[in-house]
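Student: The lines below spell out each chain.
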Amino acid sequence: MADPYQELGVSRDASADAIRKAYRRLAKKHHPDLNPGDKAAEAKFKEIQGAYDILGEEAKRKRFDAGEIDATGAETGPSQAERDYYRRHAEQGGRDFRYQRAGAGGPDTGGFGEADLSGVFEDLFGERAARGQARGPRRGGDVSYTLTVDFADAVKGATKRVAMADGKTLDLNIPAGLQDGQVLRLRSQGRPGSEGAPAGDALVEIQVAPHPQVRRDGQDLRSALPVTLGEALGGGTVTAETLWGPVKLKIPKGANSGTVLRLRGKGVPAPKGSDGPAGDHFVELQVVLPEEPDETLVKAVTDWEAAHPYRPEGSQGVRQ
Amino acid sequence: MIGERELCALFAPLQVTTLRHWVDLGFVRPADAAPAFDEADVARVRLICDLHYEIRIEEDALPVVLSLLDQVYDLRRQLGQLLAAVAEQPTEVRARLQLAIAGRQESTDHDA
Chain C
2 MADPYQELGV
12 SRDASADAIR
22 KAYRRLAKKH
32 HPDLNPGDKA
42 AEAKFKEIQG
52 AYDILGEEAK
62 RKRFDAGEID
72 ATGAETGPSQ
82 AERDYYRRHA
92 EQGGRDFRYQ
102 RAGAGGPDTG
112 GFGEADLSGV
122 FEDLFGERAA
132 RGQARGPRRG
142 GDVSYTLTVD
152 FADAVKGATK
162 RVAMADGKTL
172 DLNIPAGLQD
182 GQVLRLRSQG
192 RPGSEGAPAG
202 DALVEIQVAP
212 HPQVRRDGQD
222 LRSALPVTLG
232 EALGGGTVTA
242 ETLWGPVKLK
252 IPKGANSGTV
262 LRLRGKGVPA
272 PKGSDGPAGD
282 HFVELQVVLP
292 EEPDETLVKA
302 VTDWEAAHPY
312 RPEGSQGVRQ
Chain V
17 MIGERELCAL
27 FAPLQVTTLR
37 HWVDLGFVRP
47 ADAAPAFDEA
57 DVARVRLICD
67 LHYEIRIEED
77 ALPVVLSLLD
87 QVYDLRRQLG
97 QLLAAVAEQP
107 TEVRARLQLA
117 IAGRQESTDH
127 DA
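Read top to bottom, the protein sequences are chains C and V.
Numbering-wise (our numbering), the first sequence opens with residue 2 and increments by one.
Numbering-wise (our numbering), the second sequence opens with residue 17 and increments by one.
Chain C with its partners taken away, still in its complex shape (with noise of 0.2 Å):
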């Protein structure tokens, strides 16, 4: 056992009220129960106990620094008994349990929010995960990661920066055209190999991050291109954004929503290797009305329809 001023940070002349103020900080710290996964906690906990119990006492103390006891002398009284901390039986108890706090436990304990557990995971991945597998050299484990891209990276292929669970970093080439839940293999980045083995793999799960305009589908890319009710009727030539930058567009009379019109190799590019054309890109037209028509707008339409009604197919509602 330590000596008990060093355990307790205190100078060797250090009256009564700092011993105890000193104690009281060190408790607050290291009490088992205020720290229920920390396993250290206990012994750190009993050492500050133990010496508190000398040095909190004028007369132990006297005698500690007269040499008459030793720093473990007072361990051997009642107050150091194996303790019966709370935490065994809180961390214990079952669905009974009688200091639960009102509303929770029950089954509606879904959802763990954004709290940070990554160490019970590891313990539970790893460890207990690698236990039971035969000893001597053997490869090291797979770490399994998911990394979130955007969109035009995944469609375009970029390089992504990349920091591993070891702290390291690593430039990610992903490729272009890579699709929501692929999984590239870094070698030997997982963990490493016991005795000489090699190291595991790092997987990496690509998530892609949707599009708010672009959708993917298969080769080609899709999105809707509104035009007004002039360029629809009139035909005209408009930008259309694509992944690749804005692109001419030549919009045909008569163009109504619904109208899907192809720029020729916009979509996504042919997977490496091989010889086939790279995807279109398909947008389809919607006719936007202004906002406000104005009078004389509304009036020519009006006009136009009393002369040429027309019954649009589905207007009636869909039929069940």
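Just so you know, the hints here were simulated from the structure itself, not pulled from any lab data.
Take these hints with a grain of salt, some might be off.
[Stated by the list, open to error] According to the in silico footprint, chain C covers these stretches of chain V (three or more CB under 8 Å from chain C):
(1) 58-66
(2) 77-89
(3) 106-118
Glycine included, every Cβ here is placed at the ideal spot set by N, Cα and C.
Dock chain V against chain C, hints included.
Tutor: For chain V alone, kept in the frame of chain C given last:
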């Protein structure tokens, strides 16, 4: 199971009146209404004594501390059950969970 007086004798300077007050406030909920206290009660009284007499947490603040502790232990109990259940799953299931957790941590990092 032990009674009030035996319990107080374990934890000088705890008085029976103080113990009853703690029971009234709900800090301690005796296993038996007699009242009689089981091991968990004894351990909890020991903790409250440490908090109050050693660490000097005033009685007004005790319910705050105890409520937070109860929440921590609730979570740890639930987490323990969850982890025990996961540990019984086949390797593929565990691997999938690991992937999903890593993904959440990744996205949390991005938000930070």
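Student: Would you mind marking each hint as holding or not holding in the structure?
Tutor: Against the structure, the hints:
1. Interface restraint, the region 58-66 of chain V with chain C: holds (6 residues with C-beta to C-beta distance below 8 Å; minimum three).
2. Only residues whose C-beta sits within less than 8 Å of a C-beta in chain C count toward coverage, and the region 77-89 of chain V has 6 of them, enough to reach three; the restraint holds.
3. Restraint check on the region 106-118 of chain V versus chain C: 9 residues with Cβ-Cβ distances below 8 Å, three needed, restraint holds.
Against the hints set out earlier in the document, no violation occurs for any number.
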